[in-house]
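Q: Sequence:
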Amino acid sequence: MQKRIIVGYDGSAYSHAALSWALDEADRTATPVELLYADEWPVLAPAASMVPSPALRPESYAAEVITGTLDRAVAQAGRTHPLIDVTATTVRAHATAALIERSRHAHLIVLGVRGRSLVSGLFGSVVSAVAAHAHCPVVVVHAGDPPANAAVVAGVDDSAAASDVLAFAAQQAAARKVPLRIIRAWPPVTGLWEQTPIVTGVMTGPERRPFDDMVTVVRDTFPDLQIEAEALREHPAAALAAASVTAQLLVVGTRGRGALRGLLLGSTSQHLLRHAACPVVVVHDIVDQL
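Numbered by full-length UniProt numbering, the letters in the sequence shown go through residues 1 to 290 in order.
Since the hints were derived computationally from the structure, they do not count as laboratory data. A couple of the hints might just be wrong.
What the hints assert, rightly or not - Within a straight-line C-alpha distance of at most 20 Å, the following computed EDC-like cross-link-like pairs (lysine to aspartate or glutamate) qualify: (1) K3 with D27; (2) K177 with D145; (3) K3 with E34.
Claimed, not checked - Have a look at the derived ranges for each label pair, beta carbon to beta carbon: (4) G78 with A238: 13 to 21 Å; (5) A148 with H94: 33 to 41 Å; (6) A238 with R79: 38 to 46 Å; (7) R72 with H94: 45 to 53 Å; (8) K3 with S267: 29 to 37 Å.
Beta carbons: idealized from backbone N, C-alpha and C, even for Gly.
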C-alpha cells in the first residue's frame, strides 16, 4: 500500500494552508493525501462532565460539523488537484497521539501553525510534540507564500541525521527545479577563549572537511542540481532563520529518538519551528540514501 501524505486538519485557516502545501507536494510526487481530524471531545468529555459547564456536545456534532468540514475540504481539493487521491479520516483521540501513530506508515506529516509562532494556542503544542516524536518527516507550514523559484535550504551539522537531511533536501530541490543551499554553522566561541588570538572566525580545513565531503556526495549524486555550500561561524539557529527569509523550504534534522527527545527536539530545530519565514521540514526516518 502506498504511503500517504497525512495532513492534520481542523478546518482552520492554518490547517488549510498545510493542506494546500500537501496537495502541491502530492502533485509533484503522485502521492495520495489523507486529511486527519482528531476529535478530542470523546476523550475530554468525562473530565468536562465533572465541572459546571454548558450542555455537553450533541451526538450530531460529528456528522453535522466535523464530517461537513472534511467533505468540503476534500471536494475543494478535488477541484484544484483533480489527479490526486484525497480522503479524510476522523479519529477519536488526542491530536498528538493520533498524528504520531499515523506517522508510522506515512510518507509525510504536514501541519500548519498560526503565523510564525508555536505558542499561540493548543495546536502549537501539538506541532511541537509531533515534530519531536513522529516516525517520518514532519512539514510545518507557516503563513505566507514563498516564491516558487526560491532555493531549498538544508541545515546540517555533524550528527548522523545530516546525510538524511541532505538526501531529502536534494530530492526536494531537484523535484522543484530550484537551487539547493547547504549551510553548516559552527557556534561562535564564547567565554575565556573569546578574547584570545586563537579565535579567528574562519573555518579551518580540518573543521570543514567532513562538511565538504558530504557536499561532494550530493554534487556527484545530483550533477544537474545547482548547489551552494556555506560554512559559517555563526549560531545555527540565527543563520538558518536568516536563510529561511529567501527560501521556499528549510530542511533540518534531529539527533535520534532518546527518551528526553520530546522536550529536547533541539534548540535549533525548536527555534526554527517558531521563527522560520518558510515551511520547515524536520527529518526523522532514513530516506532514500545518496
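Q: Each of the hints needs a verdict: does it hold here or not?
A: Hints and how they fare:
Simply put, K3 and D27 have alpha-carbon atoms about 15 Å apart, close enough for the 20 Å limit, and the pair holds. For the given pair, K177 sits about 17 Å from D145 by alpha-carbon distance, which is consistent with the 20 Å threshold. Between K3 and E34 the CA atoms are separated by roughly 10 Å; this keeps the pair inside 20 Å, and the hint holds. At about 42 Å, the beta-carbon gap between G78 and A238 misses the expected band of 13 to 21 Å.
Distance hint check: the CB atoms of A148 and H94 are about 36 Å apart, consistent with the given range 33 to 41 Å. For the pair A238 and R79, the beta carbons lie near 42 Å from each other, so the given range of 38 to 46 Å is met. A beta carbon spacing of about 24 Å between R72 and H94 contradicts the range 45 to 53 Å that was offered as a hint. Taking 29 to 37 Å as the suggested C-beta distance range, the pair K3 and S267 conforms, at roughly 30 Å.
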